[in-house]
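S.K.: Letter by letter, the chains look like this.
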Amino acid sequence: MLRPFDYYRPRTLSEAIKLLSETGAAALAGGTDLLVNIRSGKESPQVVVDLKDLPELHGIHLEGDKVWLGALTTMGEIVNAAAFRGPLGILSEAASVVGCCEIRRRATVGGNICNASPGADTAPALLALEAEAAIRGPGGARSMPLPAFYLGPGRTALGPGEILSGFFIPRPPEGSRGTYLRRTRVKGMDLAGIGLAALVIPGHGKRNHEVRLALGAVAPTPVRAREAEILLQDQVVDALSLTRAKEVLRRSISPRATSLRASPEYKREMAGVLLEMALSKLLGEEYAG
Amino acid sequence: MNFKVIGTEAPRPDGREKVTGAAVFVADLRMPGMLHARVLRSGQAHARLRRVDVSRAQALDGVKAVVTGARFQRPFGICITDQFPLARDKVRFAGEPVAAVIAVSEQVADEALKLIEVEYDPLPVVLDPREAIRPGAPLLHEDLGSYARVAGINPCPGTNIFHHFKIRRGELEETFHRADHVVDREYEFPSVHHVQLEPHGAIARLSPGGDLTVWSSSQAPFVVRHTVSRLLGLPASKVRVVVPYVGGGFGGKSDVTIEPLAACLATAVPGRAVRLVLAREEMFDGTVIGRGLYARYRTAVTREGRIIGEEILLTLNGGGYGDYAVNIVGGAAASATGPYEIPNLKIDAYGLYTNTPPTGACRGYGHPEVHWACERQREIIAREMGIDPVEFRLRNILGPGKSNALGQIMEEDHGRVDLCIRKVVEDLAGPRYFAGRGHGPGGRPAVRRGKGIAAFMKAPVMPTNAQSGAIIRLNEDGGATVSVGAVEMGQGTYTALGQIAAEALRLPVEMVRVVPFVDTEVSPYEWQTVASHTTWAVGNAILMAAADVLDQLKVAAGAAFGVSPEELEAGEGKIFLREAPVVSLPYSRLALGCTRSDGSAVNRPVIGRGTFVPSGLTYPDPETGQGNPAADWTFGCQGAEVEVDLRTGEITVLKLVTAIDAGRIINPLLARGQVLGAAAQALGSTLFEKLIYSEAGIMRNRSLTDYKIPGPEDMPLQTRVIFVETPEKTGPYGARGLGEHGTVGVPPAIGNALANALGADFYALPITAADVIRALKGKGGGLRAQTF
Ligand SMILES: Cc1cc2nc3c(=O)[nH]c(=O)nc-3n(C[C@H](O)[C@H](O)[C@H](O)COP(=O)(O)OP(=O)(O)OC[C@H]3O[C@@H](n4cnc5c(N)ncnc54)[C@H](O)[C@@H]3O)c2cc1C
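Protein sequence lines correspond, in order, to chains A and B.
For the first sequence, the tail end lands on 289 under my numbering, and the numbers increase by one without skipping.
For the second sequence, the tail end lands on 1788 under my numbering, and the numbers increase by one without skipping.
Don't take every hint at face value.
[Claimed, not checked] Far from chain A, by Cβ distances over 12 Å, these chain B residues were calculated:
(1) A1179
(2) E1186
(3) E1304
(4) V1515
(5) E1521
[To be verified] In the DSS-like style, the derived pairs of lysine-lysine whose C-alpha atoms are separated by at most 25 Å in a straight line are:
(6) A:K187 - B:K1690
(7) A:K42 - B:K1114
(8) B:K1655 - A:K187
Just so you know, these hints were derived from the structure itself, not from any lab.
Glycine is no exception: its CB is placed at the ideal position from the N, C-alpha and C atoms.
Based on the sequences and whatever the hints tell you, model everything.
M.R.: Structure, rendered in structure tokens:
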């Protein structure tokens, strides 16, 4: 049962910010999290502010050496966008596994991040790409790196009246490649039991300049796996470095004991397995691992 | 026989309506002045109800009535009268209705629920039937001994056992003495939910004249009528139950679920219709769940690979109330051996009260549960004895002249399980695959493949006097309207029954309409639409009704032609003279009163009547279980090929094959759909499905976010259904039941395929990727897994 609420669809950012500054107001993008939460009683806003008419929150384009990704971009649009092939393809790979066809037509990347689920599928990809969150609010515009945006499960750095307008994503060097792998209980629609994004930035010869790793559903927020990254930085990935990285990765995560999607034991095991699978996909089966 | 309609893929009359969304289900109905009910469910799994205070809820604007268990003192129950529409002194599962609000809208009712105050005295909780059977376990029903019950139910007062069913054949101890090999294993089939697409719904109205109508999503309108009339003390004729299309039942809408409550609520607001439609989450803990069986098998085998004896212990989780789980106990025991002849048997099947939602019928009704155990056991025995598992099965197979666990002697027309096994093995290709460890396909070292089979048998589990009726009215255009008491819940029963009627009436299938709803006030009686028995039982009633129609037509035509009815034949919508077929009258002339040239009437309207009850069924003997309670058996075999990713443990079912001897197939398209749909559902219970409870007994995955069922992506790319058609002598045109059977062999077929692929035995369902990883790391143990 949906509880009644007032619905606004402002045309300007300032109007939206004003409406959202009131207590009991919630922003609406695709609604695929918000409406589920209203129905279950987890949230009961008196005012719902639909953001879809705000031009500032739309669009994908280049701004200098960064790609601007509007918060209202849907998963479907990301999957089809030319910008998210090649070095940034990791994001479209992540967007392509969200929900099902119908959900991907509505679900937005901004909603996915603002909902702040530890298992949000686009989060590890955006973390690995070192995206910056752009925020508009009563105090004007500000931005911050994604890790700072996440405060905890379901909690973000957004203050009253603040709106996530989108992301600035620095373009990784040409030749960089990324992938997003996850484990689910069924092959059909499911939420991630664990997700891993890996981005490889090539260096000289077989040496990688950088390997960025981020995980979902293994900690209270999506997380970068810096410790494991360091073991692979400026290295040739071989059996030894991989084994050590897998070990560190397994130890670095803190999965919830009560998850219905995957046990901590399985998540730990899969953190290593997904890392190995991701690297063999990105570096070819012939890497020494 | 040369059939015109039987065996054709006649299109579904309800197809367009359902595909376009025009079809009407209970939740779509609106009655004038209709009110809405919402239920307050217990948040405790086992507790005494100390206080239920509804005063604040009652005061809320828009609330018409708030009712609690205090209002309704009569218990009900299909086999044991052990429950109340609303909890009275005690709650026995989390989700049990404690109070209900009737209001002008669902929203107001929801608000009012929050104002109801309930105080509980918590009691110890027992969730596992193996613990519930132990002396000293928390007792759910202190008054079990005094409950009214139907014949053949054997409760043990002072314990949680609401039914103990026994099978005793031959001499067990001596048999195990002379056995060359004994295999002893335990298996688990957890509780699952049916996840019907349509939520349970009921609208009830008590008219000012004192009669009650219930519109319901039930598979069992006549059981609802019976239960409600007894509960409210109304004559059956004053209770009308109407069932439009049902959006999936799978047993979970059989007998009664929310209807007694809806009917009671209607009495609180006489004259007003009360609508109760469950939310998805409530379907999980507010109706019946399925399965939930632990099985221990101890098998005695000779060197030659003959099973000479078996001792089987079945403990079924019945949940808070006995409900229809009572009969699953007997049904599971009767088929616990699988399709094999085993001369010496000791089977004990117990139904246990526990603090979970009650267990009800669930597609397969005890058979998938025991076949998970027995067909894994057969595979393990064969492997341990070094006998090819196919050969081992065939050496012990049930067939004509051999007797099953109940002592019924199998006959030729019961069908060919041996042939089904051979067909599946042939289709899976390469019997060698069954022996030894699986191998990865070329160049993919990280995967393993394996194949496995499971043979099965199933009988309808039903009362010995399950009744069916059919009425055929001939219309003025020569077509027929067929009324039955069976429910269309997606299985296509009105299509198949229409085909049987058309064939029998010698009419094109388009000229026959099966009334697409059940209304107990006008539809002929039907026990209920369960047990895969509708095509068989209602089909038989239709044959009789059609014969009655043809007799009436021949008498009428005989009078018109001045010949005796014996000289006449029916064909292509006409009655004609056998010797001179040009002398004929179309049904259209005869249907509603043929007249002679002077205008005088020849006949009365043609209304055919058919009724059916299975003949010769008896209660099993209470001490030995021997008897004739199973009307017919359907045999089959299923096979699976699986692929396992050794890194992630991910299981992919590549292929599922079913061969089933379902007698004559009335509609091959629908029959395949039924078998495949059942197999898909069973694939879900094999790999994903299990209801998970907290220690306190709260269901943790009561939503589709965390109760995962297979989607199209999970279905094997290759599926095959092979029909072996040994005609059933008691069935219409030789047909047998097949709606549930596709569920029965899938779990063990996949389990056996996994054992062959991985060299690991899994004993508990569902088998998840995490289980595979644990097994591969040698961390199995318990029921989860064991490597060999
Ligand atoms: C059936 C189903 C399947 C799903 N499968 C997946 C899956 O596989 N993977 C996955 O990650 N998720 C999944 N989800 C969750 C959901 O679809 C995603 O999180 C989605 O991206 C949310 O986006 P939205 O636009 O619908 O957000 P909304 O529901 O509109 O909003 C979500 C939250 O963010 C806030 N919000 C939204 N946009 C902004 C903004 N620009 N500024 C400030 N606050 C904002 C809202 O107030 C709300 O609290 C699934 C959901 C459903 C119903």
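S.K.: Compare the structure with each hint and give your call.
M.R.: Structure-based check of all given hints:
Distance check for A1179 of chain B against chain A: the nearest CB is about 40 Å away, which clears 12 Å, and the non-interface claim stands. Non-interface call for E1186 of chain B relative to chain A: holds, since the shortest CB-CB distance, roughly 22 Å, exceeds 12 Å. The claim that E1304 of chain B lies off the interface holds: its Cβ sits roughly 44 Å from the closest Cβ of chain A, which is beyond the 12 Å cut-off. At the 12 Å boundary, the C-beta of V1515 of chain B stays outside the reach of chain A, the nearest C-beta of that chain being 35 Å off.
For E1521 of chain B, the shortest C-beta to C-beta distance to chain A comes to about 33 Å, beyond the 12 Å cut-off, and the non-interface label holds. This hinted pair checks out: K187 of chain A and K1690 of chain B have alpha carbons roughly 17 Å apart, not beyond 25 Å. Between K42 of chain A and K1114 of chain B the alpha-carbon distance is near 14 Å, which keeps this suggested pair within the 25 Å criterion. Among the hinted pairs, K1655 of chain B with K187 of chain A is consistent with the structure: their alpha-carbon atoms are about 16 Å apart, no more than 25 Å.
Checked against the numbered hints above, the structure breaks none of them.
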